[in-house]
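Residue numbers (our numbering), protein chains in the order written: chain A, 1 to 287; chain B, 1 to 323.
It is worth saying that the hints were derived from the structure and are not from the lab. Some hints could be false.
Straight-line C-alpha distance at most 20 Å; calculated SDA-like pairs for lysine to any residue [as the list claims (entries may be wrong)]: (1) Lys130(B) to Gly113(A); (2) Lys49(A) to Thr246(A); (3) Lys148(A) to Val51(B); (4) Lys49(A) to Gln163(B); (5) Lys233(B) to Asp223(B); (6) Lys130(B) to Arg19(A); (7) Lys130(B) to Thr246(A); (8) Lys233(B) to Ala22(A); (9) Lys130(B) to Val25(A); (10) Lys130(B) to Trp17(A); (11) Lys130(B) to Leu271(A); (12) Lys130(B) to Lys148(A); (13) Lys233(B) to Leu271(A); (14) Lys130(B) to Thr31(A); (15) Lys130(B) to Leu28(A); (16) Lys49(A) to Lys130(B); (17) Lys130(B) to Val35(A); (18) Lys130(B) to Arg20(A).
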Amino acid sequence: MATYTSQTGVLAIARRWLRRVAIGVPLLALTIWTVFPLLMTLSISFKSKAGVSTDPGLIPSNPTLDGYRSIIGQQGFQGAFFNSVVVGLGTAALTLLLAVPAAYAFARFRFRGRHLLLLFTLLPRLIPGLGLMVPLYRLAVAVGGIDKISTLILAFTATVLPLAVWLLVGFFQQVPRELEEAANVDGTNMFQRVRYIVLPLAVPALITIGVLAFREAWNEFNLVLGLTSTPGSRTLPYELFLMTQTTGFQDNPGQAAFAVLSIIPFIFVYLRIEKYVVGGITSGAVK
Amino acid sequence: MPAAEGDALSVRSTERPPRSRAKASAGEDRTKLVGHSRLTPYVLAAPSIVVVSVLLAFPVLYALWGSLFDTDSIGGPQRFVGIDQYTRLFTDPDFLWSINRTVVFVTGTLIVGLTLGIAFAFPLNRAAGKLRFLRGLTIVPYLVSGITTAVIFRLILNRDFGQVNRVLEFFGLPEMSWFSNPNLAMLASIGAQVWSDLPLVILLILGGLQTVDPSLTDAADVDGATAWQRTWKISLPLVIPQLALATVLLSYQALTSLGVIVALTGGGPVNATRTLPIALYETAFLHLRTNEALAIVVVILALNAGLTLVYVGLSRRYDMVGN
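Please model the entire structure based on the sequences and the hints provided.
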């Protein structure tokens with residue numbers, strides 16, 4: 001009997017270890033899968049052009065800022081970075097400006113056309129940016145909107161707006177109607193109720209939407225390809241794409257530095273508001 | 001909704017406060033919040049509806065219309081050719097090859113993406129305590145643009161200095177020239193695509209796993225099930241809705257992925273990775289054959305609409321719209 005229990009004890013320990021390994025190994029793999037490409041890029045960005053080949057280790061033996069200097073000094077990069085910031089903030093602002101009243105209407109009113117909301121949820125699925133690239137290019141040519149920052153802002157806003165309205169309707173519906181009714185008795189008008197009651201309660205949703213809109217504008221490539229033709233009007237992804245298309249000797253540390261510089265600002269924003277964004281991504285995906 | 005049914009429905013639809021408060025007559029409910037006329041909702045929703053219809057819906061109609069025309073020279077007069085563009089496309093070996101490449105690329109992305117998604121999400125769901133930070137880390141690739149992802153993969157897969165080849169060397173495997181071998185180039189593209197979309201898959205599966213009733217897995221433990229059996233026989237079947245949605249979303253992403261491939265392989269070598277988006281890019285912006293490009297747009301939109309039907313079907317079946 002005694003040997004039996006000790007055997008099961010050994011078995012239990014073995015099992016516990018097996019379970020730890022079964023969870024630990026995939027998690028380690030996941031970490032490597034996610035972090036390794038980013039770390040390698042970071043490492044290359046601190047090497048010299050020649051050092052990339054001669055010094056293949058993860059930690060550069062002679063770290064240098066040459067890659068960053070060459071990229072930051074480039075007019076193309078400076079202009080694209082500036083454009084990306086403007087287009088990103090503009091898209092976030094315009095999206096919120098249009099989505100808040102629309103979502104309020106869908107959440108609080110019963111009106112003919114309310115069923116358009118369902119269509120709203122499906123449109124971005126039906127029409128990917130890739131499908132818009134060529135037709136919007138023709139449309140922009142026709143109205144003289146090529147190479148304009150405002151065109152990019154408008155186009156990106158249109159692609160995130162459906163999701164933004166959808167997310168906000170859900171949030172607005174959770175704001176108890178009684179709160180608004182009470183304020184109504186006190187004689188506030190609709191604008192004041194939205195401003196002082198509904199919006200403060202929906203701040204997490206507003207942040208999520210702002211970040212998703214900014215991300216869309218910051219990362220979108222297809223529409224920039226279709227809607228811009230001159231160097232001064234491009235955003236970061238297009239500028240980086242052109243860098244990879246140069247024939248001849250590639251500036252690898254420069255490209256790595258470019259990649260790092262276009263990811264880093266975003267990661268800082270993301271770290272501060274992670275929980276909102278994670279919720280927003282999944283609901284955006286499911287809905 | 002008929003007013004007479006308002007009371008009967010109000011119990012069931014309590015999750016939707018504004019609608020469920022149909023007490024006496026649903027129609028009068030809105031007048032409780034005074035300070036606006038009947039036009040108010042239209043005025044509020046109009047700007048969004050206009051922007052979305054002009055910039056999303058109109059281009060689709062334009063593509064359909066424009067694909068029925070052709071020109072003899074770039075910018076020349078348009079003449080109506082009916083469905084000629086389509087018949088030409090579907091007899092063009094280059095275009096059919098693109099469809100072939102798209103099928104391979106989407107299938108590959110699905111196989112690799114779902115396998116990794118399951119392999120990573122299940123242990124992630126059981127990771128407790130300090131390891132929870134891994135969930136936040138998982139999202140990072142989602143913040144990286146397709147072009148940047150491609151640049152990162154170009155660097156790590158580089159034949160001369162890429163670390164992936166160093167790792168292969170360490171395990172005694174031969175160096176791979178990822179971008180000159182057609183099959184390897186396809187594999188590299190699939191890898192980059194999965195890298196940037198895996199966060200979505202993992203988050204979806206995690207979301208499903210978190211709704212799995214712990215009493216089910218506890219009951220299995222009591223009955224002596226191994227962890228392996230518990231995962232395959234209980235948890236996995238319960239997240240099938242999420243897996244189905246992840247399948248559709250991954251297909252969407254792969255079908256419409258231009259940035260990742262165009263910057264990673266440019267469609268090469270020898271057109272090995274020339275998927276439909278690359279064909280569209282070349283036709284529209286390199287060869288400047290706009291009408292033909294619009295026909296390709298319509299083909300892509302049609303495939304996408306097919307996926308959307310599947311998506312709506314799944315959402316209905318698993319009751320996930322509104323969830």
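Okay, the hints, checked on the actual structure:
Taken as a hint, the Lys130(B) and Gly113(A) pair is broken in the structure, with Cα atoms around 49 Å apart against an allowance of 20 Å. Pair hint Lys49(A) plus Thr246(A) holds up; C-alpha atoms about 16 Å apart against a cutoff of 20 Å. Only pairs whose Cα atoms come within 20 Å are accepted, and Lys148(A) paired with Val51(B) is accepted, the gap being roughly 17 Å. With a CA separation close to 16 Å, the supplied pair Lys49(A) and Gln163(B) stays within the 20 Å bound.
Between Lys233(B) and Asp223(B), the direct Cα distance comes to roughly 13 Å. Compliance with the 20 Å bound is thereby established for this hinted pair. A distance of roughly 17 Å separates the Cα atoms of Lys130(B) and Arg19(A); the hinted pair therefore holds under the 20 Å criterion. Between Lys130(B) and Thr246(A) the CA atoms are separated by roughly 45 Å; this puts the pair beyond 20 Å, and the hint is violated. Proximity of Lys233(B) to Ala22(A) is assessed by CA-CA distance (about 17 Å); at most 20 Å being required, the pair is judged to hold.
Pair hint Lys130(B) plus Val25(A) holds up; C-alpha atoms about 16 Å apart against a cutoff of 20 Å. With a C-alpha separation of about 18 Å, the suggested pairing of Lys130(B) with Trp17(A) holds against the 20 Å cut-off. Restraint check for Lys130(B) and Leu271(A): the C-alpha separation of about 16 Å stays at or below 20 Å, so the hint holds. For the suggested pair Lys130(B) and Lys148(A), the alpha carbons sit about 47 Å apart, so the restraint of at most 20 Å is broken.
About 36 Å separates the Cα atoms of Lys233(B) and Leu271(A), which puts this hinted pair outside 20 Å; it is violated. At roughly 14 Å between alpha-carbon atoms, Lys130(B) and Thr31(A) fall within 20 Å of each other, so this suggested pair holds. Between Lys130(B) and Leu28(A) the alpha-carbon distance is near 14 Å, which keeps this suggested pair within the 20 Å criterion. A hinted pair counts as satisfied when its Cα atoms are at most 20 Å apart, and Lys49(A) with Lys130(B) does not qualify at roughly 39 Å.
This hinted pair checks out: Lys130(B) and Val35(A) have alpha carbons roughly 18 Å apart, not beyond 20 Å. Pair hint Lys130(B) plus Arg20(A) holds up; C-alpha atoms about 14 Å apart against a cutoff of 20 Å.
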